Amino acid sequence: MHRLPPFRYEAATSAASAVQLLAAHGPDALVVSGGTDLYANIKQRLFTPKVVVGLRPARDMHYLRFDQSRGLEIGALTTLARLAAEPVVCERYPALAEAAASISTPQLRTMGTIGGNVCLDTRCNYYNQNLDWRQALGYCMKKDGDICRVAPGSPKCVAVNSSDTAPVLQAYGARIRLLGRSGEREIDIADFFMDDGMRAWAKQADEIVTAIHLPVPAPNTVSAYRKLRLRNSFDFPIVGIAAVMQTDGGGRCTGARVVLNAVASKPLESPGAARALVGTKLEPDALDAAADAAYATGKPLDNTSGSIPYRKRMLRVFARRTLEACAAPR
Amino acid sequence: MTVAPEKILLRLHVNGSAVQCAAHPNKTLLEVLREDLNLTGTKHGCEMGHCGACTVLVDDEPVLSCLALAIEAQEHEIRTVEGLADGPKLHPVQQAFAECGAAQCGYCTPGFLMTAAALVERPGVPTNAVIRDAISGNLCRCTGYEKIIEAIALAARRMEEAATHA
Numbered sequence: 001m002h003r004l005p006p007f008r009y010e011a012a013t014s015a016a017s018a019v020q021l022l023a024a025h026g027p028d029a030l031v032v033s034g035g036t037d038l039y040a041n042i043k044q045r046l047f048t049p050k051v052v053v054g055l056r057p058a059r060d061m062h063y064l065r066f067d068q069s070r071g072l073e074i075g076a077l078t079t080l081a082r083l084a085a086e087p088v089v090c091e092r093y094p095a096l097a098e099a100a101a102s103i104s105t106p107q108l109r110t111m112g113t114i115g116g117n118v119c120l121d122t123r124c125n126y127y128n129q130n131l132d133w134r135q136a137l138g139y140c141m142k143k144d145g146d147i148c149r150v151a152p153g154s155p156k157c158v159a160v161n162s163s164d165t166a167p168v169l170q171a172y173g174a175r176i177r178l179l180g181r182s183g184e185r186e187i188d189i190a191d192f193f194m195d196d197g198m199r200a201w202a203k204q205a206d207e208i209v210t211a212i213h214l215p216v217p218a219p220n221t222v223s224a225y226r227k228l229r230l231r232n233s234f235d236f237p238i239v240g241i242a243a244v245m246q247t248d249g250g251g252r253c254t255g256a257r258v259v260l261n262a263v264a265s266k267p268l269e270s271p272g273a274a275r276a277l278v279g280t281k282l283e284p285d286a287l288d289a290a291a292d293a294a295y296a297t298g299k300p301l302d303n304t305s306g307s308i309p310y311r312k313r314m315l316r317v318f319a320r321r322t323l324e325a326c327a328a329p330r
Numbered sequence: 001m002t003v004a005p006e007k008i009l010l011r012l013h014v015n016g017s018a019v020q021c022a023a024h025p026n027k028t029l030l031e032v033l034r035e036d037l038n039l040t041g042t043k044h045g046c047e048m049g050h051c052g053a054c055t056v057l058v059d060d061e062p063v064l065s066c067l068a069l070a071i072e073a074q075e076h077e078i079r080t081v082e083g084l085a086d087g088p089k090l091h092p093v094q095q096a097f098a099e100c101g102a103a104q105c106g107y108c109t110p111g112f113l114m115t116a117a118a119l120v121e122r123p124g125v126p127t128n129a130v131i132r133d134a135i136s137g138n139l140c141r142c143t144g145y146e147k148i149i150e151a152i153a154l155a156a157r158r159m160e161e162a163a164t165h166a
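Chains as they are written, first to last, in the working numbering: chain A, 1 to 330; chain B, 1 to 166.
The shape of chain B in the complex, shown without the other chains (with noise of 0.2 Å):
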């Protein structure tokens, strides 16, 4: 019979916290975030890369949690949906998917936020075309995608005119 490893001292930057947990080392990112973390809001879906509900950002950009080691997340910045609003105001992707009904169910949600924010966040205001592609990797089977193409075009618009008016 074997034995399972020990459990091991995780040092994880979590949305500007640096938080420590002990997990074993075969834990996903997901697992971490949810079960050690209490930061349910990255959603479990397929667990097998086939969904892209539990994205989150990794260095700003888009990864699945569900296929990532936390062991190998230690050195880097991670950002999670509960890291998204500022205090009571929301991230203007949360705003505008709220304002334009881009969630039904809503467990597809913190995926596409997550996917949303790191392209709205770049410089310019995307083409349909372009992100139409950066969401390609989340799933929806609810929506139908137009809101929420409307939602991430409406937030980058938003977001382009606070920068040129700052």
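Just chain A, same shape as in the assembly (with noise of 0.2 Å):
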């Protein structure tokens, strides 16, 4: 039976009661929002907290407005359920509302939120194992051990992020906002990813995340979130693509973010991919063109369900399919 381990429970009654609950504790705290990603985790004995801190009754982040002149403000504990449904998000920014409902099953997605989907602990075919199947290997460089068993010379743990709207959030250029002891920040999310699958976020230790926010999308914006994954449902993607372009009144593009997921610990842009969109008027060569580009950024690693070649392979083909989805008329 996979039991979680003995741990007191402190329940973080707005944002700021959860920062001071986590500067408390230290690093015997963590904090927990939806649970489903984490609790599963603890389980496995991959994070053993002596506190968790519960995010779910502080009431001050669950929220969701649109405004014509800020554009989108998520709540961090805003759940994905919601986030998929909500007519604004579905009508301004179709690509993030796809990837809400691209996520897991319906019962995690009404557990599951925003704020911890982006805070999705990277993941890799070494780590996401029992303890006695990691004991038994001798462990890896993510926990409790000393090289990455994916890439045994790698300096740094390349498990692999696997958040669907991750990539989306970067392609329409939001910013996250964190709140911590020395007051709120707010950053370009593409700076709040890193590269390193230990160290996956610019955020401090006593920080939480308490909301995201969407720009007004341009006019003529078109968007699409496509992804490859064994079963339809529940599982992980293995190869994502988001994108997000505008075009000018004659279908012209005139800017676009290609964003890669699953093939590194951070959501990772294209800018040839970008670059072979902008000035076209998306004609199938320009698509092609672009899909190529996103194949040639895509580098996988043996860390997830599927071949190293068939997810390379897949690549061009999710972004050929989203990048269609874009051009396709409404």
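Certain hints may be false.
[Unchecked claim] A few chain B residues facing chain A, derived, Cβ under 10 Å: (1) Pro-5; (2) Leu-9; (3) His-13; (4) Ser-17; (5) His-44; (6) Glu-47; (7) Gly-49; (8) Cys-51; (9) Glu-61; (10) Cys-66; (11) Leu-69; (12) Glu-75.
[Claimed, not checked] FRET-style restraints, in silico, Cβ to Cβ: (13) Pro-88/B with Met-194/A: 56 to 62 Å; (14) Asp-285/A with Gly-101/B: 50 to 56 Å; (15) Glu-161/B with Ala-24/A: 33 to 39 Å; (16) Ala-24/A with Glu-61/B: 28 to 34 Å; (17) Ile-308/A with Gln-20/B: 51 to 57 Å; (18) His-2/A with Ala-18/B: 25 to 31 Å; (19) Met-194/A with Tyr-107/B: 40 to 46 Å; (20) Arg-141/B with Gly-26/A: 41 to 47 Å; (21) Glu-61/B with Ser-14/A: 20 to 26 Å; (22) Gln-20/B with Thr-13/A: 46 to 52 Å; (23) Gly-101/B with Pro-5/A: 39 to 45 Å.
By construction, these hints were calculated from the structure, which means they are not laboratory data.
Given the structure is predicted, the values throughout are model-derived calculations rather than measurements.
C-beta: ideal position from N, C-alpha, C; glycine also.
Hints given; two lone chains; assemble the complex.
So this is what it looks like as structure tokens:
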């Protein structure tokens, strides 16, 4: 039986109270929102907190509001189910609604939150295993060991970012708001994600994510998210592609961001794919060129389901599908 | 050596009744339902969020009780498979599952019934696509799903008929 190890539970009644509790308990504490990923990881003894700081009671982070001038503000505890169903998200930020709707299962989307999803622990075949399995192998550097089992020569952990909302938020140019003992700050979400499987977020130990802010999309913005997974329910992505593009009135692409998922420890932007799109009318040739560039950007390692050559090939296929979904007349 | 934290008094609302029990704060809702409240209808499956066998309703939404802390369920209305029938009268999804042969070994059935109950209690008759999407978080290794989908559609039609004749 998978049981949670003993811990004390402290309810955070607000974002500020969560920060206070984290400061009071230091490294003994682990902050949990929906718990859909962390409780499973705690059951596998990937984390053994003495104190769990529960964010769910913090009502000041359950909100979602859109304003014509400010854009979309999403409280960190907004559930993925709400994000997928909210009319303003479906209309203005369709790729975000698609990404939220594609995460795991209906039950877990009801429980899981956007704040938890952007802080989803990086994943790896050698890490997301039970204690006996990891012990038998001699552990890996992400937990209790010294070397990376995927790339033994690598100085850093190569576990993959598996958050479906992360690449989409980056493609929309989102900003993320953090609250800590030294106050509140807001940074570009692209600077929040770091390419290190063991330190995947530019976040201090006493800081929590309180909100995500998306700018108002320019007129004629199109966007999409497509992902590959073994089963079309439950599974984490093994390849994901987010694209957000702006076009002028005549259908010519004036700006683009293409972000790859599940092939690095952070969402991986493909500037080459963006360059291949800007200035074109998104003709099939332009989409092919951009898909080729995305293919060149992504270098999957042997750390998720699916072989390396398969995931590599699927990068081009899924990039093409995502771009086609953007280019299709609505 | 670390000392296990003390038990705490939990006040839960389960199947319309207020109940209390003392449990450790690291216990999941699934463990408290089964071990402290003797509601063993909800099943332990994978306990990792991969199967849906432990699905219960929290405020009428299906959630996985294996990945929820009981302590966080206190302010909410919990429904389990024990709360579906009204005395000897089965809930429409239970009746339809029995008639359609939607259960074989039966282990996943309480989870499916709860997911299905949440769906059919909403107004309107769901399409097959909506039913498939709703049950995409519940695994069944026996039935092949077709009879489960038939049963949910049948229950939804009956509930809609009952609502229009009421």
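Hints versus structure:
1. The beta carbon of Pro-5/B comes within 5 Å of a beta carbon in chain A, closer than 10 Å, and the hint placing it at the interface holds.
2. Annotation: interface hint on Leu-9/B violated; nearest CB of chain A at approximately 13 Å, more than 10 Å.
3. With 10 Å as the threshold, the beta carbon of His-13/B stays out of range of chain A, its nearest partner Cβ sitting at about 16 Å, so the hint is violated.
4. Proximity of Ser-17/B to chain A is violated relative to the hint, the smallest CB-CB distance being about 23 Å (cut-off 10 Å).
5. With a cut of 10 Å, the hint placing His-44/B at the interface with chain A holds, because the nearest CB-to-CB distance is about 7 Å.
6. At a threshold of 10 Å, the smallest CB-CB gap from Glu-47/B to chain A is about 4 Å, leaving the interface hint in force.
7. The beta carbon of Gly-49/B is positioned within 10 Å of a beta carbon in chain A (closest approach about 5 Å), and the interface hint is therefore held.
8. At its closest, the beta carbon of Cys-51/B sits 9 Å from a beta carbon of chain A; the interface hint therefore holds under the 10 Å criterion.
9. Annotation: Glu-61/B was flagged as interfacial toward chain A, and the flag holds, the nearest CB pair being 5 Å apart, inside 10 Å.
10. The beta carbon of Cys-66/B is positioned within 10 Å of a beta carbon in chain A (closest approach about 8 Å), and the interface hint is therefore held.
11. Contact between Leu-69/B and chain A, as hinted, is supported at the beta carbon level, the nearest pair being about 7 Å apart and thus within 10 Å.
12. Among the interface hints, the one on Glu-75/B holds; its C-beta lies about 8 Å from the nearest C-beta in chain A, closer than the 10 Å criterion.
13. A C-beta distance of roughly 60 Å is found between Pro-88/B and Met-194/A, which places it inside the suggested range of 56 to 62 Å.
14. Between Asp-285/A and Gly-101/B the Cβ separation comes to about 54 Å, which falls inside the hinted range of 50 to 56 Å.
15. Checked against the hint of 33 to 39 Å, the pair Glu-161/B and Ala-24/A fails, with Cβ atoms roughly 57 Å apart.
16. A beta carbon spacing of about 33 Å between Ala-24/A and Glu-61/B agrees with the range 28 to 34 Å that was offered as a hint.
17. In this structure, Ile-308/A and Gln-20/B meet the distance hint of 51 to 57 Å, their C-beta atoms being roughly 54 Å apart.
18. At roughly 29 Å, the beta carbons of His-2/A and Ala-18/B sit within the given window of 25 to 31 Å.
19. Checking the proposed 40 to 46 Å range against Met-194/A and Tyr-107/B shows it holds: the Cβ atoms sit about 43 Å from each other.
20. A hinted range of 41 to 47 Å for the beta carbons of Arg-141/B and Gly-26/A is consistent with their spacing of about 45 Å.
21. Here the CB-CB span from Glu-61/B to Ser-14/A is close to 24 Å, well matched to the stated 20 to 26 Å.
22. Look at Gln-20/B against Thr-13/A: about 22 Å separates their beta carbons, and that is not inside 46 to 52 Å.
23. Our hint of 39 to 45 Å for Gly-101/B and Pro-5/A holds, since their Cβ atoms are close to 42 Å apart.
Checked against the numbered hints given earlier, this structure breaks hints 2, 3, 4, 15 and 22; the rest are met.
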